[in-house]
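Participant: For reference, the chains in residue letters:
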Amino acid sequence: MGIILILAHNWDDFSRSVKTIFAFLPLVIGQLIIGYSILKKKGKIWKESSGVFLFFAVGSSIALVSQIYNMPGDISSYLLTWIILCLPLVYLLKSQALAVLHIVFTTYYACVSGYFYGISHDTPWWYLVLLIAVLPYYGILLKHHFRSSITSVINWLIPLSVIILMGTFVNNNDTYGYLMYVLLFGLFYNIGKVPRVNKQKLRKNGYLVLGFLGTIYMLILSSFNWFWKDLLNDISDFNSQELYMSLILFFTSLGLLVYSYINKWLVEVNLFQYVFILFSLIFFIGMNNSGISTILINLLVLMLGVMAMKIGSEKLHLGILNYGLLIITILIACRFFDTNISFVFRGLLFVGLGVGFFFANYAMMKR
Amino acid sequence: MKTIHLFILFLILALAQLFVPTKMILNQENILETGIIYKFKTQPIDPSDPFRGKYITLNYEARSFKTKDSVWERNETIYVYLKKDSLGYAAVDQVSKVILEYDDKNYIQAKAKWYRNYTDELQIEFPFNRFYMEETKAYDAEIAVRNRQRDSLPNNTHALVYVKEGEAVLKDVIIDDISIKDYVEKEN
Chain A
2 MGIILILAHN WDDFSRSVKT IFAFLPLVIG QLIIGYSILK KKGKIWKESS GVFLFFAVGS
62 SIALVSQIYN MPGDISSYLL TWIILCLPLV YLLKSQALAV LHIVFTTYYA CVSGYFYGIS
122 HDTPWWYLVL LIAVLPYYGI LLKHHFRSSI TSVINWLIPL SVIILMGTFV NNNDTYGYLM
182 YVLLFGLFYN IGKVPRVNKQ KLRKNGYLVL GFLGTIYMLI LSSFNWFWKD LLNDISDFNS
242 QELYMSLILF FTSLGLLVYS YINKWLVEVN LFQYVFILFS LIFFIGMNNS GISTILINLL
302 VLMLGVMAMK IGSEKLHLGI LNYGLLIITI LIACRFFDTN ISFVFRGLLF VGLGVGFFFA
362 NYAMMKR
Chain B
5 MKTIHLFILF LILALAQLFV PTKMILNQEN ILETGIIYKF KTQPIDPSDP FRGKYITLNY
65 EARSFKTKDS VWERNETIYV YLKKDSLGYA AVDQVSKVIL EYDDKNYIQA KAKWYRNYTD
125 ELQIEFPFNR FYMEETKAYD AEIAVRNRQR DSLPNNTHAL VYVKEGEAVL KDVIIDDISI
185 KDYVEKEN
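In order, the protein sequence lines correspond to chains A and B. In the numbering used here, each number is its position in the first sequence, counted from 1, plus 1. In the numbering used here, each number is its position in the second sequence, counted from 1, plus 4.
None of these hints come from the bench; they were simulated from the model. Hints are supplied without guarantee of correctness; some may be wrong.
Straight line, CA to CA, 30 Å or less: simulated DSSO-like cross-link-like pairs of lysine-lysine [what the hints assert, rightly or not]:
| id | chain 1 | residue 1 | chain 2 | residue 2 |
| --- | --- | --- | --- | --- |
| 1 | A | 20 | B | 190 |
| 2 | A | 43 | B | 6 |
| 3 | A | 144 | B | 6 |
| 4 | A | 95 | B | 27 |
| 5 | B | 168 | A | 45 |
| 6 | A | 42 | B | 6 |
| 7 | A | 20 | B | 168 |
| 8 | A | 95 | B | 6 |
| 9 | B | 6 | A | 20 |
| 10 | B | 43 | A | 20 |
| 11 | B | 27 | A | 20 |
| 12 | A | 95 | A | 45 |
Remember, predicted model here, so these are calculated numbers, not experimental data.
Let the sequences and hints guide you as you build the complete structure.
Facilitator: See the structure below:
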C-alpha cells in the first residue's frame with residue numbers, strides 16, 4: 002500500500018506498460034512468498050502475514066488495471082471478483098486472519114450491492130454463497146481452536162454480519178421483514194445456547210448476546226398497537242421472497258431446537274428459546290386481530306422480563322437480573338406512550354420500580 | 005494434505021489470480037488496437053472511489069436521445085448506435101433494446117438511466133464515464149475545464165473513445181488538442 006502511495010504521485014508520467022508492471026508486481030511478489038512458505042512448510046505467522054499481503058495485492062492489482070484503462074465497473078462486482086479470488090487462500094493457508102477479512106469484505110460487498118444502490122437494489126444472493134463457503138473453516142476453528150481469540154471474534158462477526166445484511170433480503174414486504182428479524186434473533190439465541198458455544202464466557206458468545214438483545218428490541222417495538230394495525234393494512238402477498246425466507250429461518254430454528262431436545266441440552270425451561278415460535282403464532286393471529294396480538298406480545302415481554310430476573314437470581318448474576326428489571330421498566334414506559342394515565346400514578350409507579358430495582362439488587366448482594 | 009498437493013492447488017489459484025487482470029488488459033488492448041475512434045464532447049467533474057482513487061466523471065453532451073418510445077427500465081441494457089456530426093464529434097444515431105443488424109454502424113452497450121416524458125428524451129449512461137487521474141490533478145482538471153469554458157471560445161473538451169463490437173475504452177480526455185493531464189500541468 003505504501004509503495005502504491007509513493008508511486009501514485011508520479012503515476013501520470015509512466016507509460017501504460019510500466020503502470021501495468023507495477024499493477025502486477027505486488028501480486029507476483031505475494032504469490033512467490035506464499036509458494037515459498039508452502040514448499041518450505043513455514044510457520045503460522047509467516048503464512049498469516051503473507052496471506053494478508055496477497056489478499057490486498059489481488060485487490061490492488063485489479064483496481065490498478067481498471068484504473069489504467071479507465072474501466073468504470075461498479076464497486077460491488079469489483080469486490081465480488083476480489084473476494085472469490087482470495088477465498089481458497091483461507092483453506093490453503095488455514096489462515097484465521099484471512100477468514101476474518103473474508104467475512105468483513107463479504108459484508109461490505111453485500112452492503113454495497115444490497116443497500117447503497119439507490120432505489121433499485123438487488124438481493125445479494127452471492128453473500129449467502131460466500132458466507133456458507135467459509136463455514137466449514139469456521140467449523141474447524143470451533144472444533145480445534147475453540148478458545149482462541151480469533152474464534153470469539155468470528156463468533157461476533159458472523160451474527161453481526163447477518164443482522165446487518167438481513168435487510169437486503171427484504172424487498173417490499175417490510176412487515177415480513179420484521180418477522181424475519183425476530184426469527185433470526187431466535188435462531189442466534191438458540192445457537193448461543195448450544196453447550197459447546199454456551200460454555201464460553203458471555204462476552205465471547207456473540208450469538209447469545211445479540212439474540213437476547215435483538216429479541217427484546219423487536220418485541221418491545223411490536224408491543225405497540227400501531228404495529229399490528231399497520232400489519233393488517235400491509236400483508237397481502239403470500240407468495241413473496243420474505244415469506245419464504247421466514248419459513249427457512251423458522252424451520253432452521255425449530256430444527257435446532259428439536260436437535261437440542263434430542264441431545265438433552267434443554268435441561269431447564271428457558272422461554273427465550275421458544276420466543277420465535279410464540280411470536281410467529283402471534284404474528285399470524287395479528288393478521289386478523291390486532292388487539293389480541295398486542296395483548297399477547299405485552300404478556301410475552303412481561304414473562305420474559307420475569308424470566309430474565311429468575312435466571313439472574315439463580316445464576317447470582319446481577320447484570321441479567323437488572324436486565325430483566327429493565328425489560329419490565331421499558332415495557333411499562335412504552336405503555337405510557339400508548340395510554341393516558343395521570344402523572345401522579347405514573348410517578349408512583351416509577352418510584353415503585355426504582356424501589357424494586359434497589360431491593361432486588363440488595364437481596365441478591367445479601368445472598 | 006501433502007505439501008506438493010497443497011502447492012499444486014495454490015499454483016492453480018495463483019494462475020486464476022493472474023488470469024483475471026491479464027484478461028482485463030488483453031480485452032482493453034484489443035479494443036484500443038482494432039476499435040474505431042470517436043470523439044465525445046464532455047464536461048468533467050471530480051469525485052473519488054475508495055479503492056481505485058481519484059477520477060473525473062465525464063458528462064457527455066451526447067448522453068440523451070430523443071425517442072417516442074417511453075418504456076425504458078432503469079439500468080436496462082441498451083445498444084447505442086453512433087454517428088459523427090458535421091464537426092467530427094460522436095452523436096447518437098439510434099438506441100435499441102436488441103442488437104440490430106448493421107454492417108457499417110458501430111454500437112456501444114450502455115444502460116438506460118431514465119426517460120423524460122416532457123422532452124421525449126432517454127438519458128443514457130455510457131460505460132466509459134470515468135477518467136482516472138493522479139490524486140492532486142483531478143480537482144485541478146475540473147477547475148481548468150470550467151475556466152476554459154468561461155472563455156468565449158467554443159467548448160472543445162472531448163473524450164477519445166475506442167469502440168469495438170459493443171465495448172468501449174476511454175483512452176484520453178483532450179482540451180485544446182492536448183491531453184487533460186498535460187493541460188493541467190501547463191495551467192499550473
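Participant: All the hints need checking, so say for each whether the structure fits it.
Facilitator: Now the hints, each set against the structure:
{"no.": "1", "hint": "20/A - 190/B", "in the structure": "holds, 23 Å"}
{"no.": "2", "hint": "43/A - 6/B", "in the structure": "holds, 14 Å"}
{"no.": "3", "hint": "144/A - 6/B", "in the structure": "holds, 22 Å"}
{"no.": "4", "hint": "95/A - 27/B", "in the structure": "holds, 29 Å"}
{"no.": "5", "hint": "168/B - 45/A", "in the structure": "violated, 49 Å"}
{"no.": "6", "hint": "42/A - 6/B", "in the structure": "holds, 11 Å"}
{"no.": "7", "hint": "20/A - 168/B", "in the structure": "holds, 24 Å"}
{"no.": "8", "hint": "95/A - 6/B", "in the structure": "holds, 14 Å"}
{"no.": "9", "hint": "6/B - 20/A", "in the structure": "violated, 38 Å"}
{"no.": "10", "hint": "43/B - 20/A", "in the structure": "holds, 25 Å"}
{"no.": "11", "hint": "27/B - 20/A", "in the structure": "holds, 16 Å"}
{"no.": "12", "hint": "95/A - 45/A", "in the structure": "holds, 9 Å"}
Against the hints set out earlier in the document, violations occur for numbers 5 and 9.
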